[in-house]
Amino acid sequence: MKAFSYERVSDPAQAAARAAEVPVAKFIAGGTNLLDLMKHEIEIPKHLIDVGGTGLDEITPTDEGGLRIGALVSNAALSADTRVRKDYAVLSRALVSGASGQLRNKATTGGNLLQRTRCGYFYDTGMPCNKRSPGAGCAALSKGAATRQLGIIGTSDACIATHPSDMAVALCVLDAEVETVTSTGEIRRLTLDEFYQLPGDTPEVETALQAGEMITAVLLPPPVEGRHAYYKVRDRASYAFALVSVALIQAPDGTGRVALGGVAPKPWRRDDADAALPQGASAVMARLLDGARPTQENAYKLTLAERTLAALLAQE
Amino acid sequence: MNSSNNVERHPKTVNPDSSTFSLTVNRERHTLTLDNRTTLLDALREQLKLTGTKKGCDHGQCGACTVSVNGERINACLSLAVMHEGDDISTIEGAAEVGHLDPMQQAFVDHDAFQCGYCTPGQICSAKAVLEEIQAGLPSHVTKDLNAPIEISDAEIRERMSGNLCRCGAYANILKAINQVAEVRS
Ligand SMILES: Cc1cc2nc3c(=O)[nH]c(=O)nc-3n(C[C@H](O)[C@H](O)[C@H](O)COP(=O)(O)OP(=O)(O)OC[C@H]3O[C@@H](n4cnc5c(N)ncnc54)[C@H](O)[C@@H]3O)c2cc1C
Ligand code: SF4
Ligand code: FES
Ligand code: FES
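So the protein sequences, as listed, match chains D and G.
Residue numbering for the first sequence follows UniProt numbering, beginning at 1 and increasing consecutively.
Residue numbering for the second sequence follows UniProt numbering, beginning at 1 and increasing consecutively.
Hints in this document: simulated from the structure, not taken from any laboratory.
Given the structure is predicted, the values throughout are model-derived calculations rather than measurements.
Check before you lean on any hint, since a few could be wrong.
DSBU-like cross-link-like pairs, simulated, lysine-lysine; straight-line CA separation at most 35 angstroms [to be verified]:
hint, chain 1, residue 1, chain 2, residue 2
1, G, LYS144, D, LYS2
2, G, LYS176, D, LYS26
3, G, LYS144, D, LYS26
4, D, LYS2, D, LYS26
Taking CB as the label site, the calculated pair distances span [claimed, not checked]:
hint, chain 1, residue 1, chain 2, residue 2, range
5, D, ALA240, G, GLN135, 21 to 29 angstroms
6, G, PRO149, D, THR60, 39 to 47 angstroms
7, D, THR60, G, SER186, 43 to 51 angstroms
8, D, THR125, G, ASP35, 28 to 36 angstroms
9, G, GLU151, D, ASP63, 21 to 29 angstroms
10, G, ASP35, D, SER142, 48 to 56 angstroms
A few chain G residues that don't get close to chain D, going by computed Cβ distances all over 10 angstroms [unchecked claim]:
hint, residue
11, ASN147
12, ARG160
13, ASN164
Where a beta carbon is used, it is the ideal one built from N, C-alpha and C, also for glycine.
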């Protein structure tokens, strides 16, 4: 790990201003992803701004009838909140399927959204990676590469990595928004679709955040009634990232919403796929995975996604 | 020097790359001046010579470094020491009272819940927290009803202990040990 200076700030706007002002600064919240990457020297910040003291660790009701989740609320606290368990169960389910008990105590809402990909070549600093070193090339796209875990849709010729968050998939199906403060003190609200960027030619750009911009909260709209479920398929029964995951909210009349994790650079959802839900899993996936570009090694995710949704729909 | 929890927790910058801060470990207060890079795990082991907490992977993947911070279990390897100004930390060295083991330590002995013992401090710290988390109603991946009280079961314990790996595969006896403590409590 390279040396860095450190400060702890108590105000979000001040944190954002500092992050824009100090060269190569980064926020640190739970540290569970950033420190891991700093040890590998994949992230090399010169200055860390600890946002743990900014008081953003509460979940409060909004005027619209939803919830405002402070960016510092831990994944454990969020999963255990009685309002979330009752009205946003898909979110509780997604959270408890991720990482471990120890990690969920530290992992924060903001940090979870911004955790970086688990592509093995991104982690292997001996291999070329466009996300790590723009323009270097992508080891995952070379012949014979191990791509079993990687993306099948929304990917590009520069990068086929997935976004690893479980929480974000549930937030996507809930139509959550991300609230931020910019370095000049402006408050912004972004839908998850606006927040996450597709790789295109610039896989190093993952979100719409500007320099210094800090996440202050995630906003949940009023509860959506119906069955909430999250089904995560992985290589072991616990403590592993998703190969494919499905977040589902389904009303008694069969209509609803579906988002996929483990397949794309961001949580994957389409309106026309949602509309096909009453016709079943294959109708949904025909739309949701239309335009998929899997590799030979990860084409199984097409089948797995459909079967995972089918399995969820068959439950009850 | 007395310090209350209300004091703003701002470590003092010594030079650009290191800071001075205070934390409590096993009821004893320490003031440390360390390179900002020092993890909580390295501070415990290298500075405070509390080598009970182990380093397995140093990347959050094994749980050998599990300690309790302000009552919550975390991986000490993925946390910077400087971020723990004012925190109250318990490690395996703080588990036993003079003259007798913590019930979880005793249960691990009773059930032979280890072989090499390397993962054991982390397992015990985690197991103690798991029973508290169940009691506090924290849901897990295997909790069937999110809105009902949680019942202790083998499945709940296994799932909640999944962040602690054991290369020797002592899992079956670890489960028995945790069940023993859970039964005595209930
Ligand atoms: C072994 C292991 C297994 C895991 N398994 C899973 C899994 O199965 N599913 C899953 O979803 N996740 C998993 N995770 C990832 C885990 O969920 C993330 O590490 C965690 O959510 C990150 O949150 P944090 O607060 O620790 O972020 P940090 O590490 O503190 O920060 C991450 C990034 O976010 C930035 N940041 C943090 N807060 C803010 C803010 N408020 N505004 C702007 N930027 C901010 C930081 O600058 C940094 O770039 C796993 C992690 C490990 C180590
Ligand atoms: S898929 Fe993306 S993250 Fe993985 S090596 Fe290629 S550019 Fe890097
Ligand atoms: S040493 Fe911390 S989890 Fe392995
Ligand atoms: S007893 Fe050897 S690793 Fe667990």
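Right, here's what the structure says about each hint:
Note on LYS144(G) and LYS2(D): the hinted pairing is violated, with a Cα-Cα distance of about 45 angstroms set against a maximum of 35 angstroms. Simply put, LYS176(G) and LYS26(D) have alpha-carbon atoms about 44 angstroms apart, too far for the 35 angstroms limit, and the pair is violated. This hinted pair does not check out: LYS144(G) and LYS26(D) have alpha carbons roughly 39 angstroms apart, beyond 35 angstroms. Taking the CA atoms of LYS2(D) and LYS26(D), the gap is about 14 angstroms. The hint holds against a cut of 35 angstroms.
Taking the beta carbon of each, ALA240(D) and GLN135(G) are about 27 angstroms apart, inside 21 to 29 angstroms as hinted. At roughly 26 angstroms, the beta carbons of PRO149(G) and THR60(D) sit outside the given window of 39 to 47 angstroms. At about 35 angstroms, the CB distance of THR60(D) to SER186(G) disagrees with the hint of 43 to 51 angstroms. Evaluation of the 28 to 36 angstroms hint for THR125(D) and ASP35(G) yields a failure: the beta carbon distance comes to about 22 angstroms.
Separated by about 38 angstroms at the C-beta atoms, GLU151(G) and ASP63(D) break the suggested range of 21 to 29 angstroms. The given range of 48 to 56 angstroms is broken by ASP35(G) and SER142(D), whose C-beta atoms sit roughly 38 angstroms from each other. Not every C-beta of chain D lies more than 10 angstroms from that of ASN147(G), the closest at about 6 angstroms, which undercuts listing it as non-interface. A beta-carbon of chain D is positioned within 10 angstroms of the beta-carbon of ARG160(G); the least distance is around 5 angstroms.
The claim that ASN164(G) lies off the interface is violated: its Cβ sits roughly 8 angstroms from the closest Cβ of chain D, which falls inside the 10 angstroms cut-off.
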